[in-house]
Amino acid sequence: MLNKRIKIQLATILVAGLAAFAGVTASAQSKDELYVAGVSATCATCHGTQGRATNGSAVVTLAGMPAANIILQMKAFKDGTRPATVMHQLSKGYSDAQVAMIANYFAAQKK
Amino acid sequence: MTTTNNLQRRQILQSAAALSLLGLAGCATTSMPSKAKVVIVGGGFGGATAAKYIRLLSQYKIDVVLIEPNASFISCPVSNMVLGGHKSMADITSSYEHLSKKHGVTMVKDMVSKIDAAKKTVTLASGGSIAYDKLVVSPGIDLMMGSIEGLAAANASGQIVQAWKAGAETATLRKQLEAMPDGGTYAITIPVAPYRCPPGPYERASQIASYFKVAKPKSKILILDGNPDVTSKGPLFKKVWANQYKGMIEYRGDHKVTAVDAKTGTIKFEIQEDAKATVINALPNMRAGLIAVNSGLNNMANGRWCGVNYLTFESTAAKDVHVLGDSIQIAPGMPKSGHMANAQAKVAAAAIVAQLNGWEVNPNPMLTNTCYSMVDAKNCIHVASVHEYVAAEKTFKTVAGSGGVSSIDLKPEVTMLEGAYAESWAQNIWADTLA
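Keeping their order, the protein sequence lines are chains Z and A. First residue of the first sequence: 1, per the numbering used here; consecutive thereafter. First residue of the second sequence: 1, per the numbering used here; consecutive thereafter.
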């Protein structure tokens, strides 16, 4: 479902990109895509813009990480099975639905 | 996903081409547009992040002008390590060039002298004006030098600096500490909360203690706090001071400063007896940045802070003017920090992109905050929080059960690991804000 959504988004970007080239300023994004990118950006402060951390960062790059893996790790942080310094505290601030949304966003970003 | 990247790159090129046609492209100050969709006042964590994310979230379609007087970005986070001698000024300085070159933000190196919210224009100190559809005001703090007698004169003569806006004063304070004879006293005075960076003064005391411990072991540190107790990570800081800096740091709560005398090294208080110090680092009360005050955006807390609609960070005093960062009236549990300003900027950026597209803004925005405090060259403690918008109360609140501080065990392997994460946090937030 997500892939389909991304494909739709890509198609939208392509169309909008061509439109922009023609001097039209129509938006490339949907409202929902904007919400997802906005909430996912809360992770970017430490994990890098669109999930791409700086070179040599001790904080991991989330871009391109399989969504299932992100969801699993966040669950492990929440229930304490994965030891952490801050992620056990931050993970508890996000609902399972938000985690799934964020995970799908980062999985779709280029590494 | 290569396709996405190519598309993004193509869009940047298109955007750059479009900007060139409009005369908006190029380096700072070479060309000043007379009109922009979004004008941003202040290139700190709030303003620079807003500039970049409005560009990103609009797929590079909304043109953004960022007005900032400084030639480069100097980070307050990590600046205490310059005072401790563990980092250089170069380490905490970043360029603004990626915002223009990579993201097509038009940089204008200037100060805004006036905001006309009715006409929707800003006037620059050097003359000229820029019209906007949306204005973002992120001017940081104004230090209320008048709140401590003698402070303005002592600052003007260079005898007492604050170094609470990282820059030249950071280097000056480091020089004062280097020049101080062994056996001297460094005193930091802290205003009543809220002020910029709640744990900052205590981190600074720890950093300077780490320097004195090696270079000037007979020296003392005096923390004179206007608040009744340490305002952030109290038990952690106190344990660090007892463990690592025994006998070096003296903490005195409820000490509200009324006056300083740099010549005699005297600090006066509302109630208690005078204190003496060789190097005085007096932090006065703080309020919203001057341009926000002069524009009447400071409609909260007796004119100290700017009220905002937390869903969009739009001012409650002026339409289409969004206020970010340390200048705003904080929601419960919301610190005045660089991380928070970066997080607020993303909520505001998404809201501005939505509004300019005629869309409803996200009804459920989120904020995070992680404040790392380095207690020496390598060891670190933190406080972290997650904030959700609560529509019923029209404010942000910390999510129940989330957030917290470092373990009070202070195991070296953990505080060292936190130190490594803090270093990465700095690199990543600087890149997320500027690159």
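In case anyone wonders, no lab produced these hints; they're calculated from the structure. A few of these clues could be false.
Here are a few chain Z residues that face chain A, going by a calculated C-beta distance under 7 Å [said to hold, decoys possible]:
id	residue
1	Lys31
2	Ala44
3	Pro66
4	Ala67
5	Ile71
6	Phe77
7	Lys78
8	Val86
9	Gln89
10	Gly93
A few chain Z residues that don't get close to chain A, going by computed Cβ distances all over 12 Å [unchecked claim]:
id	residue
11	Ala41
12	Thr49
13	Arg52
14	Asn69
15	Leu72
16	Thr81
17	Ala84
18	Lys92
19	Ala100
Here are the simulated BS3-like cross-link-like pairs (lysine-lysine), alpha carbons at most 25 Å apart as the crow flies [said to hold, decoys possible]:
id	chain 1	residue 1	chain 2	residue 2
20	A	Lys37	Z	Lys31
21	A	Lys411	A	Lys119
22	Z	Lys92	A	Lys102
23	A	Lys411	A	Lys394
24	A	Lys319	Z	Lys31
25	Z	Lys111	A	Lys101
26	Z	Lys92	A	Lys397
27	Z	Lys75	A	Lys397
28	A	Lys119	A	Lys175
29	Z	Lys92	A	Lys119
30	A	Lys239	A	Lys119
31	A	Lys218	Z	Lys111
32	Z	Lys110	A	Lys378
33	Z	Lys110	A	Lys109
34	Z	Lys78	A	Lys35
35	Z	Lys31	A	Lys239
Even for Gly, the Cβ is constructed at its ideal location relative to N, Cα and C.
Each hint, compared with the structure:
1. Lys31: holds, 4 Å
2. Ala44: This interface hint holds because 5 Å falls under the 7 Å limit.
3. Pro66: Violated, about 13 Å.
4. Ala67: violated, 14 Å
5. Ile71: violated, 17 Å
6. Phe77: violated, 11 Å
7. Lys78: Since the shortest Cβ distance to chain A is 9 Å, the answer is violated.
8. Val86: holds, 5 Å
9. Gln89: holds, 4 Å
10. Gly93: holds, 2 Å
11. Ala41: Check fails; 4 Å does not lie beyond 12 Å.
12. Thr49: violated, 5 Å
13. Arg52: violated, 9 Å
14. Asn69: holds, 16 Å
15. Leu72: holds, 19 Å
16. Thr81: holds, 17 Å
17. Ala84: Label violated. Min Cβ-Cβ 10 Å, cutoff 12 Å.
18. Lys92: violated, 4 Å
19. Ala100: holds, 14 Å
20. Lys37/A with Lys31/Z: Holds, at about 19 Å.
21. Lys411/A with Lys119/A: Violated. Lys411/A to Lys119/A sits at ~58 Å, over the 25 Å cutoff.
22. Lys92/Z with Lys102/A: Distance of about 35 Å is beyond 25 Å: violated.
23. Lys411/A with Lys394/A: violated, 40 Å
24. Lys319/A with Lys31/Z: Distance of about 22 Å is within 25 Å: holds.
25. Lys111/Z with Lys101/A: holds, 21 Å
26. Lys92/Z with Lys397/A: The hint holds at about 14 Å.
27. Lys75/Z with Lys397/A: Holds, because 23 Å separates the two Cα atoms, which is no more than 25 Å.
28. Lys119/A with Lys175/A: Violated - the C-alpha atoms of Lys175/A and Lys119/A are around 47 Å apart, more than 25 Å.
29. Lys92/Z with Lys119/A: violated, 45 Å
30. Lys239/A with Lys119/A: violated, 55 Å
31. Lys218/A with Lys111/Z: violated, 52 Å
32. Lys110/Z with Lys378/A: Status violated; Cα separation ~33 Å.
33. Lys110/Z with Lys109/A: violated, 34 Å
34. Lys78/Z with Lys35/A: violated, 48 Å
35. Lys31/Z with Lys239/A: Roughly 48 Å separates the two Cα atoms, so the pair is violated.
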